[in-house]
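Undergrad: Here's the letter readout for the chains.
Number of protein chains: 4
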Amino acid sequence: MTVTEMVRTYPADLGEVDRDAVIRCIEQCMICAQACTACADACMSEPDDEIPMLRKCIRSNEDCADICATTERILSRHTGYDANITRAILDACAVVCRSCGDECERHASRHEHCRICAEACRQCENACRELLGALG
Amino acid sequence: MTVTEMVRTYPADLGEVDRDAVIRCIEQCMICAQACTACADACMSEPDDEIPMLRKCIRSNEDCADICATTERILSRHTGYDANITRAILDACAVVCRSCGDECERHASRHEHCRICAEACRQCENACRELLGALG
Amino acid sequence: MTVTEMVRTYPADLGEVDRDAVIRCIEQCMICAQACTACADACMSEPDDEIPMLRKCIRSNEDCADICATTERILSRHTGYDANITRAILDACAVVCRSCGDECERHASRHEHCRICAEACRQCENACRELLGALG
Amino acid sequence: MTVTEMVRTYPADLGEVDRDAVIRCIEQCMICAQACTACADACMSEPDDEIPMLRKCIRSNEDCADICATTERILSRHTGYDANITRAILDACAVVCRSCGDECERHASRHEHCRICAEACRQCENACRELLGALG
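Protein chains in written order, with this note's numbering: chain R, 1244 to 1379; chain X, 1244 to 1379; chain L, 1244 to 1379; chain C, 1244 to 1379.
Isolated chain R, as found in the complex (with noise of 0.2 Å):
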């Protein structure tokens, strides 16, 4: 809700942008960014036997994590819009949640905080690439 009145409220032209998009793509790496920080942690609580081989999964989260991050800052501005730049961050943030979320989908059975760190993967990755659609 605060994520569309800030964007809504931005006082110049946002050129070809969907803003409606613009909106989806920022809520869905916000939560994304927190649902892999959180994973990641997750993950390091299990039991011993456990962590080897959610390593990957760890790292995963942890990329996936930073890159949302960067992807919904760079999508909040709106001043001096480059849309090379918004094209490459969106790239590689669809990227990172498509391999993220397939290394937690592995996961989902035993653990539910791969289940549905997962998931927020997924609609962020649909997110990036309906943003890009859009973008043209």
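No lab work stands behind these hints, which were simulated from the structure alone.
Only a predicted model underlies this, so the values are computations on that prediction, with no experimental measurement involved.
Each hint should be verified, as a subset may be incorrect.
It does not matter which identical chain is used: a pair holds within one copy or between any two.
[As the list claims (entries may be wrong)] Below, computed lysine to aspartate or glutamate pairings styled on EDC-like, alpha-carbon distance capped at 16 Å:
#	residue 1	residue 2
1	K1299	E1289
2	K1299	D1334
3	K1299	D1325
4	K1299	D1256
5	K1299	E1348
6	K1299	D1345
7	K1299	D1263
8	K1299	E1270
Put chains X, L and C on the given structure of chain R with help from the hints.
TA: Showing chains X, L and C alone in chain R's frame:
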């Protein structure tokens, strides 16, 4: 909702910490960080003769976005919990939210984005102080 | 120096990756991220009538600081290495460094901070492209 | 070197602040943030039976990386300087560097990356305390 689920699925004990206060604080940090990034950028898009008086507002917004984002991450981790670190970052977050909220409030009647951002800062400051209180 | 030591003490195999190109790229990302944060702020402190023409520069600086910081973190992790993610973020980093370097260069003769920042962007872009080349 | 140049080319007055202490602190925050990100990841790559006792170290590393990165950004901004915010984040940074340095030190004899990271934490803590002292 995802924040709540992620905190609830943490596989170990959260110890002394009040889960609901943690969830509320994480959410307010997420909202405030995004609002501040967007408000800094919206300030930058105001007419030429408005920007100089928004200098301090932009700077506060950027500090506030950074500290809120970091606080959100630290609160999203429960493994190896260290109350001294949590208290220190919550304190810094409350300080920057107070300062940024005050500064945004000064421009609230002229700029809708500052009004909304000031509110996000107030709510985040409250959530930080509430959690600080709960930590004892 | 610490960057080199940290990369060298990684306890497992780095696989196909060229350690020296990784180290160089991490260092350039660190330098460029800090230069961009400082340049955005220095632009904000220029005389009132200069700021409006620095709008795009400030925005580029902030995007560039965020992407460089994220790239640095991703390159500092080797566990569960995923070449697709590394390539995507290096590509985004090269794009934003090119754009920010171009923009800063436009103001280099008037503002020393823009001249130095443009140089940091060029060197970071080169380091990213070199590492992209080494990854094949 | 670039950090020094960027701080020196700031076009306005830095007021009461000691430029050299600021530069030193920015540099130590950059080095410590990277060392902590790399140390967390190196811990994750240790043999299976080592990881469980590195849980707290990994968590400290991640908090420390986040707070150092945020401190670096705040110190890199001089416009609209607010001593309360600077003090609060420097204090949080000193606290997390102390805690992370202590934790890394515990593993320094077994893991070279922990030894180097502990050193980076000590130097960053000192730089924060020195700057806090200079701020009065």
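Undergrad: It remains to establish, for every hint, whether it holds in the given structure.
TA: For each hint, the structure was consulted:
no., hint, verdict
1, K1299 x E1289, "both (14 Å within a copy, 13 Å between copies)"
2, K1299 x D1334, "neither (21 Å within a copy, 22 Å between copies)"
3, K1299 x D1325, "between (33 Å within a copy, 9 Å between copies)"
4, K1299 x D1256, "between (42 Å within a copy, 15 Å between copies)"
5, K1299 x E1348, "within (12 Å within a copy, 26 Å between copies)"
6, K1299 x D1345, "within (11 Å within a copy, 27 Å between copies)"
7, K1299 x D1263, "neither (34 Å within a copy, 24 Å between copies)"
8, K1299 x E1270, "neither (26 Å within a copy, 25 Å between copies)"
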